[in-house]
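Participant: Each chain, written out:
2 protein chains.
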Amino acid sequence: MQSVIPVNLPQHSYNIAIAPGSLDQLGTWMQGTEAYPLKLGKKVLLVSNPTVFQHYGERAIASLEQAGFAVATCLLSDGERHKTLETLSQIYDAALTNRLERSSTFVALGGGIIGDMTGFAAATWLRGVNVVQVPTSLLAMVDAAIGGKTGVNHPNGKNLIGAFHQPRLVLIDPQVLQTLPVREFRAAIAEVIKYGVIWDADLFTQLEAAPQLDQLSNLSAELLQAMLTHSCQAKAHVVSKDEKEAGLRAILNYGHTIGHAVESLTGYQVVNHGEAVAIGMVAAAQIAVALQLWQGTDAQRQLKLLHNAHLPTRLPSGIDLDAILTSLQVDKKVEAGQVRFVLPTQIGAAIVTNQVSTTVIQQVLEHMQAV
Amino acid sequence: MQSVIPVNLPQHSYNIAIAPGSLDQLGTWMQGTEAYPLKLGKKVLLVSNPTVFQHYGERAIASLEQAGFAVATCLLSDGERHKTLETLSQIYDAALTNRLERSSTFVALGGGIIGDMTGFAAATWLRGVNVVQVPTSLLAMVDAAIGGKTGVNHPNGKNLIGAFHQPRLVLIDPQVLQTLPVREFRAAIAEVIKYGVIWDADLFTQLEAAPQLDQLSNLSAELLQAMLTHSCQAKAHVVSKDEKEAGLRAILNYGHTIGHAVESLTGYQVVNHGEAVAIGMVAAAQIAVALQLWQGTDAQRQLKLLHNAHLPTRLPSGIDLDAILTSLQVDKKVEAGQVRFVLPTQIGAAIVTNQVSTTVIQQVLEHMQAV
Ligand SMILES: NC(=O)c1ccc[n+]([C@@H]2O[C@H](COP(=O)([O-])OP(=O)(O)OC[C@H]3O[C@@H](n4cnc5c(N)ncnc54)[C@H](O)[C@@H]3O)[C@@H](O)[C@H]2O)c1
Ligand SMILES: NC(=O)c1ccc[n+]([C@@H]2O[C@H](COP(=O)([O-])OP(=O)(O)OC[C@H]3O[C@@H](n4cnc5c(N)ncnc54)[C@H](O)[C@@H]3O)[C@@H](O)[C@H]2O)c1
Ligand SMILES: [Zn+2]
Ligand SMILES: [Zn+2]
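Keeping their order, the protein sequence lines are chains A and V. Under the working numbering, residue 371 is the last one in the first sequence; the count climbs by one each step, no gaps. Under the working numbering, residue 371 is the last one in the second sequence; the count climbs by one each step, no gaps.
A hint or two may mislead.
Any copy, or any two copies together, can satisfy a pair, since identical chains are not distinguished.
[Said to hold, decoys possible] Subject to a maximum C-alpha distance of 25 Å in a straight line, what follows is the list of computed SDA-like cross-link-like pairs (lysine to any residue):
id	residue 1	residue 2
1	K43	A163
2	K42	V330
3	K158	S103
4	K241	L126
5	K241	Q295
6	K158	D93
If you're looking for bench data, these hints aren't it; they were derived computationally from the structure.
The following block holds chain A by itself, in its conformation from the complex (with noise of 0.2 Å):
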């Protein structure tokens, strides 16, 4: 059982493999085949944090250094808060005392910060080395490892300071998720089921013949394994038509308008980003109802869905209405004043609009309110 996902950009062209087992053929996989070597140099920067490295550090360096790579290992702290400049710095300190050159590559292996950061410092060290992702969280392997966006966080705001760079190879080991905790799993499943209603209707009916989503233990190899195919191959397929986010790109962030809204005003604790992702996609779904985009029994299915995922449905308690109005209004995704909505028009597909009433998502949000 293994996909490979050809992502075709005009100048930066990469495979997305998803094989169980995969992590200890690392360094064959970044040999690449005779027919496609794939010259990732010989020197490489593993870059990752005390939590994963525990895990899968030493079988990820075994596999590199039978391959013949020279591996250097730099191992950043875990969290958020770390996502910064100065952290970064020590990516290229790393890459400084172990003489990492152009030729050179650095391999993330971690979550979607461990992704971001070391492929901001790929974009930026030496102006542009190799890099390599190893995602091992759910919504790395999904959505932060695969698009070529990558970058730190500002004191005052999220992922302001980045860059484009794509990575060489994408290789997915499903099988280090089991070490992953739940409730970062679930976050990431609200995402599947988003291009699921989004892109991908083959997806969506999958997920629906699954009897429970809340934990992997809960999902067969198979299910696990077309998952990520799926996902992978409709972010790909987007974001290799819209590679620097002129239009199409735009579509993925389904749910995430109300979400962002819901996860800034409590503060990122209360709910998590995949939390808050599923209620800004029943307040989509909603929307979409209500302007008669979307039929009630589609967006009911997406509901028991994320139900079935153990995700929220409804707004965090003591949440106050218009402070959500409001902050749709601060946020980039507005056009002309206008809040930008992406809106599902049949399981499978979706629309971008700025008509939507203020009216409706009020309406819309009072009937999310916690029970």
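Given chain A's structure and the hints, the job is docking chain V with the ligands onto it.
Facilitator: Structure of chain V with the ligands alone, referenced to chain A:
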């Protein structure tokens, strides 16, 4: 008297304009023409340092505001030791405080240091905003502002952190050179002579026609204009053929192989970059003559120009020849153990070779020792 040099790149074409007095028209230049509006947004972040800003800041701002731009200013400390990630974060802070957007523009008003840092900040703020280069040092005008290389230093190495990011406009007002310290002026003349030797025989003979090249007041406005135009054309031509440094760009390193060694061995104190390049050009010329690639009479003509610019043409006293040879080996221009040299073959043309024996380098350096 005004020259406009179009730089045509696959994705990011732009103009280099060289126009006396144009600082006062910065705003209008940034609007573009009716047929080709530049679309640089409404908000501008002007980045400079106190040295340059005291002379030209007010005029730049007045011109921008008159053209309808909203201007915020960010002043960085002057000097190479401030070309760091830390200083960079001051630009990010200013961008956030003043709510610069994706459609906004950073303007670099200063020498190569301001240009490189502002360019890098623009490359990475919101994953890329517009940058306009308004170089005020001769070196920035003829070299740093053109080609899209941007970056900052790592504590242990120059320009190790960076990105390629093309400006939307380079606006050169030669009149601002009046306040540039004479030693900075001369240092940049070394790079101008370099373009004459490796690329532009016409520039070379125009330089020969001037009795003195040692300070601005000894140059006619016509010669200055021609010098700037030819130099920018040379660099623009080379970099448009080779945006990401695959091949041709290497000839711009003429004089820089031994130059860098001299610069670093004297701790960047005794000779500055341009002076080191002058010394390196003499060495490369002698090597080319020794290998019968170049005529001795042409090497003499180059020597005369360097003298006319009051640039050094011998090694600094006390420098150790063996140290130079060792330094060449660790320099990044080494290819499979062989040092890479750019050698002239006639006035206006040069080749890149790694076929220079240590014996020849040694002999040439011995002849160049301080008297
Ligand atoms: N670049 C993009 O396009 C993009 C897209 C979405 C999100 N992101 C970014 O991704 C980040 C969030 O990513 P995330 O959700 O992976 O967070 P994360 O990187 O913090 O990982 C979540 C937690 O799980 C741990 N972990 C990861 N894999 C594990 C494993 N196999 N076993 C045990 N523990 C494991 C991590 O150490 C961390 O504590 C955010 O910073 C976000 O901005 C980027
Ligand atoms: N990006 C590239 O392709 C490239 C190429 C060459 C050099 N560089 C970089 O450029 C930098 C050197 O540039 P530089 O020589 O311009 O140094 P600089 O920026 O330090 O300027 C030299 C000095 O002159 C002052 N100055 C500048 N313009 C002035 C004016 N009109 N009047 C009075 N004072 C003025 C500056 O404040 C500074 O003190 C280095 O950091 C180097 O790495 C980059
Ligand atoms: Zn998301
Ligand atoms: Zn130089």
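Participant: Against this structure, judge whether each hint is valid.
Facilitator: Against the structure, the hints:
1. Both within a single protomer and between protomers do K43 and A163 lie at most 25 Å apart by alpha-carbon distance, with minima of 23 Å and 21 Å respectively.
2. Within a single copy, K42 and V330 get their C-alpha atoms only as close as 47 Å, which misses the 25 Å cut-off; across copies the closest is 18 Å, which meets it.
3. For a Cα distance limit of 25 Å, the shortest separation of K158 from S103 across copies, 18 Å, qualifies, whereas the shortest one inside one copy, 30 Å, does not.
4. In the homo-oligomer, the alpha carbons of K241 and L126 lie at most 25 Å apart only across protomers (20 Å), although the nearest pairing inside one protomer, at 28 Å, exceeds that limit.
5. With identical chains, the CA atoms of K241 and Q295 are never at most 25 Å apart, being 28 Å at best within one copy and 55 Å at best between copies.
6. Both within a single protomer and between protomers do K158 and D93 lie at most 25 Å apart by alpha-carbon distance, with minima of 24 Å and 13 Å respectively.
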